[in-house]
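Sequences listed follow chains A and B, in order. If you read the first sequence in this note's numbering, its first letter stands for residue 1, the second for the next number, and so on. If you read the second sequence in this note's numbering, its first letter stands for residue 1001, the second for the next number, and so on.
Any given hint could be a false lead.
As the list claims (entries may be wrong) - Going by beta-carbon spacing under 8 Å, a handful of chain B positions derived as facing chain A:
id	residue
1	Gly1056
2	Thr1081
3	Leu1084
4	Leu1138
5	Ser1140
6	Phe1142
7	Leu1166
8	Lys1167
For the record, the hints were derived by calculation from the structure and aren't laboratory data. Computed from a prediction, not measured in an experiment: that's the story for all the values here. Ideal placement from N, C-alpha and C gives every residue a C-beta, glycine not left out.
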Amino acid sequence: MEKEHLYQYILGIADNNLILGQRLGELCGHGPNLETDIALTNIALDLLGQTRSFYQYAAQLSDDYNSEDDVAFLRKEREYRNVLLLEQPNRHFGFVIGRQFLFDVFNYLFIQQLQQSTDDTLRAVANKAMKEVSYHKRFSSDWVKRLGDGTDESHAKMQEAIDDLWRYTNELFELSEIDKELVKLGVAVDVSALKEAYYAEVSELLTEATLAIPQDQYFQKGGKQGIHTEHMGYLLADLQYMQRTYPNMNW
Amino acid sequence: MTAIVAPNIDPHLIETLEKVSDPEIPVLSVLDLGVIREAIEKDGKIFIKLTPTYSGCPAMDVISDDLKAAFREEGKVAEVTLVLSPAWTTDWLSEAGKQKMEAYGIAPPLSATADKEVLLGNQKIVKCTHCRSSNTRLVSQFGSTACKALFQCEDCHEPFDYFKCLK
Ligand SMILES: [Zn+2]
């Protein structure tokens, strides 16, 4: 197995956590109520904690970057491997919950499988993360139900978010050539095999939440190849601001 | 089920380790918390293996610095390595630790099964740390830190933290 391939694979996992963590971090002090504010930032903290371990591992494999911070902060937009779903802006609370829910159901299935990886480090991080991501899924599922089966307004907003974000869900199950090679070695998770379980679970919960399951057949992708939506540049401008302005600064 | 693996700690280091506490729950030493998986002295240097409670727990960096500082005061050099696997579970909290936690105002973790019932809101078994009533309700799965959930007592109406079971 080539070092570069493993490095790219780790970034695919780590960047998802980093970018979602950044979006959730934007809500710190802005949540609709205190409990939700605390919950969302706690979820961000879990994701960033997991991703630190991934980036530390990535930094060991990289010839270009020496530390977890360098990998996280110093890459250009095209070098980030996160899926498009996670860079979508917060817009309103329905979008925050919808994005979280559509990712959490996937991430739960994914981390569960990553615990079987033949790679010791990936397996250890996944082990640690399992209970955390199950808390996340419980939180976002509860809110989808509460908003979907809530007032007319909360229902409409939740439906709007699910309809709008649906087109980004298919990308979660895409396998690159590198992924396929690592799946064969037992290092990577075959995400394409999680697709059926994912849509079944999501559909069941949406139905329970009295929401309609989108019937769109058009899906957008590109994040895994580094081709992002227009939101990504603004997100990175925020995320990288301190390192770009004061190179090598430390807390 | 993960078996509880007893940590490998040189007895003469215990006194110093006990002085280092969790910055979030200062009544708990790192030994009560069960995050020290190994502490051995070799060729005049101390090697410590630390396991984080939660992946993003900000207390771990502080604990690591505090451990080094505690041994530095005795003129010794300590090296701290973070070990993720096997993952920390609330089973590693000492019994004394759970009691200190409760006295401090945080309800200690229940068994995994009871914990699930409680967090799903099906059962009232978490005891209020103020008045000991079990008539309590979950306000939020996420409390003041990632490891805690927020509860409220329906009798004395005071809020309190519950340390979530992690397994
Ligand atoms: Zn009470």
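* To do: Please write out, lowest number first, the hints stated earlier that are contradicted by the structure.
  => 2 and 4
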